[in-house]
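K.L.:
The chain contents come next:
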Amino acid sequence: MSMITAAQGRFVSTFVPRKRRGVELMLLVLALILGVGAYALVGIGTEGKVPTDIVGYGSGLVVLALVAHVAVRVKAPYADPVLLPCVVALNGLGLAMIRRIDIGRLAQDPQSHTYATQQLIWTAISVLGFVLTLVVVRDHRRLQAFTFTMGLAGVVLLLLPLVPLLGVNINGARIWISLGSLSFQPGEVAKICLAIFFAGYLVVKRDALALAGRRFAGIDLPRGRDLGPIVLMWLISLGILVFEDDLGSSLLFFGLFVVLLYVATERASWLVVGVVLFAAGAYFSYLAFAHVQTRVQGWLHPFSNPDLYYQIIQGQYGLAWGGILGRGWGQGSPQLTPFAWSDFIGDSLGEELGLTGLMAIIVIYGLIVERGLRTALICRDPFGKLLAVGLAMAMALQVFVVLGGVTNLIPLTGLTTPFLSYGGSSLLANWAMVALILRVSNHARQPMPDLSPPRADDDTQVIGRR
Amino acid sequence: MSELTLTLIKLGFLALLWLFVLTSVSVVKSDLFGERVDTSRPRSSKPPRQRKPRRGAPRSLVITDGANAGESVELAGEPILLGRGADATIRLDDDYVSTRHARFVPNGDDWYVEDLGSTNGTYIGNQRLTTPMAVSIGVQVRIGKTIAELKK
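Keeping their order, the protein sequence lines are chains P and L. Mind the numbering: the first sequence is residues 1 to 466 in our numbering, read in order. Mind the numbering: the second sequence is residues 1001 to 1152 in our numbering, read in order.
Rather than coming from a laboratory, the hints here were simulated on the basis of the structure. Heads up, the beta-carbon is just placed ideally off N, CA and C, and yes, glycines get one too. Check each hint, because a few of them may be wrong.
Unchecked claim - If you want a taste of the chain P side facing chain L, the calculated C-beta under 7 Å gives, among others:
#1 L30
#2 L34
#3 G48
#4 A89
#5 V203
#6 G328
#7 L355
#8 G357
#9 V363
#10 Q461
#11 V462
#12 I463
#13 G464
Using the sequences and the hints, build the whole thing.
P.N.:
Put into structure tokens, the structure is as follows:
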């Protein structure tokens, strides 16, 4: 029952949409203090003094953050104010940690390759990609027209590493393509394409998937022919697992599809179907493929073969050495873990910032995902809703899979930690993803256009007299 | 650099990290579409002293039947407009109701209902209203297919 006073009348439900760009700038300043501060502390921790290139590095990061902020101010003025600062904070922390591992590895071997400068350049390119996404995609609903183009592009990108000559096998996973001297992980971009495809496809198909079906044992089971898309997605995921040896991407794409199916149809039976399919697929690939067995073995019994599972063991020792408060920037030895700067950056941060710091980082990811889901809740068009859920869930699943892997909660899989890990394709794709969430968010939070129907003009019906 | 300084730096950085997280959370908390505003009353002036209503005087107008059944408006000493139009206090979703159909007007402690030249008329019982008429608690006023009455 709505109890409204006559004096306030219809003003009660009037909200004032706010831009809140000032709040974003304030949070951004905090995020930059974190990023640049971390970089300075790396120098203090390792060499006992603030690094000499702090001015150049700091101003670079500040300029990049400001460019992104101005782009949001101009192109998406009503967008969520928390997302961009969270991303900048993570990116800054990642850069500092990569720099710290560079220093550690240079101390061991002066000839070793350094990554921090390259990562700063990749950050610049990613911010450019972020701005371009905001400029080019002026209305996310236009993307719905490219549903099937995006789907095709996503599948092609996923399969590209299997093409002979183009695809290369780096570190055991065939998820890279090389163009000349550049190598690129197409799966990261496929993530965005497939999120758009799933959203566009399910908006159209949701009614058939939600309403048709029969009831069995308390749950509504879908019709046999409606199972087509989910089975196809399952086969593609299995294909990625089997032929590209990429457990992480496989889980990511299948999980994304199942979650979106559930959100679009509001039927829990899809989750049941999805979990059953996933469990069956995972179990049979465990039986059939040696590389899956290796992963599971490393998860359950890493000490059964310390040479093979050296990386995961080192990671766990790093976390233990970090403890609750961590060693402090530059005081641990994360460089001992192979790939500490990419896949295992979660453990590196856990070692130097401790449980306290790693939890803060996970909460920041949680905030990004929460803002994405919040955007989906308040978004007024169904495509935007599904797109925001899809992008947020892609981020959430990826963080879960990779952080779960490096903390040995689930079998280790090769994915990058968004915004933290070294890697250009990952950074670029994740920044573009956030730009898309901001685009939907801007649309959802801007003032509602006045669409009240001109009801006052239509005629009143006359009561007939019998 | 001494051990103590390094420990302090370490703790300071963790504090800063959590400060960022908590600030973001507080922004999120106050970020549910901005704040509620009440544009109908000037903010600075005190709310007018309300005269205490006589015991037994009606407190609210309730829609008891029709599409909007269950909706109610508190009586605050100001006229209440019923109709399909956007300016009505209760916007009735009833095809047999006119845009501005009828009005409840206070006069002292009594409330009067007045037909505003509606197409289908306003009825109390079987009687179509031609002049404003006093209504007491529980009297059913029929507007189109909707019935409204005053309640305590």
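K.L.:
May I ask you to test the interface hint for I463(P) with respect to chain L, counting a Cβ-Cβ separation under 7 Å as satisfied?
P.N.:
holds, 5 Å
K.L.:
Could you check if V203(P) really has its C-beta closer than 7 Å to a C-beta on chain L?
P.N.:
violated, 25 Å
K.L.:
With chain L as the partner, please determine if G328(P) meets the hint condition of a C-beta pair closer than 7 Å.
P.N.:
Because about 4 Å separates G328(P) from the closest Cβ in chain L, which is inside the 7 Å limit, the hint holds.
K.L.:
Using Cβ atoms only, decide whether G48(P) comes closer than 7 Å to chain L, and label the hint accordingly.
P.N.:
holds, 5 Å
K.L.:
Would you settle whether the hint for G464(P) is holds or violated, based on the nearest Cβ-Cβ distance to chain L being less than 7 Å?
P.N.:
Violated - the Cβ of G464(P) stays beyond 7 Å from chain L, reaching only about 10 Å at its closest.
K.L.:
Please verify that hint: V363(P), Cβ, nearest Cβ of chain L, below 7 Å or not.
P.N.:
holds, 5 Å
K.L.:
With chain L as the partner, please determine if L355(P) meets the hint condition of a C-beta pair closer than 7 Å.
P.N.:
violated, 10 Å
K.L.:
How about G357(P): closest beta carbon in chain L under 7 Å, or not?
P.N.:
Status holds, d = 6 Å.
K.L.:
Using 7 Å as the Cβ threshold, decide whether L30(P) counts as touching chain L.
P.N.:
This hint holds: L30(P) lies near chain L, its Cβ roughly 5 Å from the closest one there, short of 7 Å.
K.L.:
With a cut-off of 7 Å on the beta carbons, see whether Q461(P) makes it to chain L.
P.N.:
holds, 5 Å
K.L.:
Quick check on the hint: L34(P) CB to chain L CB, less than 7 Å?
P.N.:
holds, 6 Å
K.L.:
Less than 7 Å between beta-carbons is the criterion; does V462(P) satisfy it with respect to chain L?
P.N.:
holds, 6 Å
Violated hints, in rising order: 5, 7 and 13; the structure is consistent with all others.
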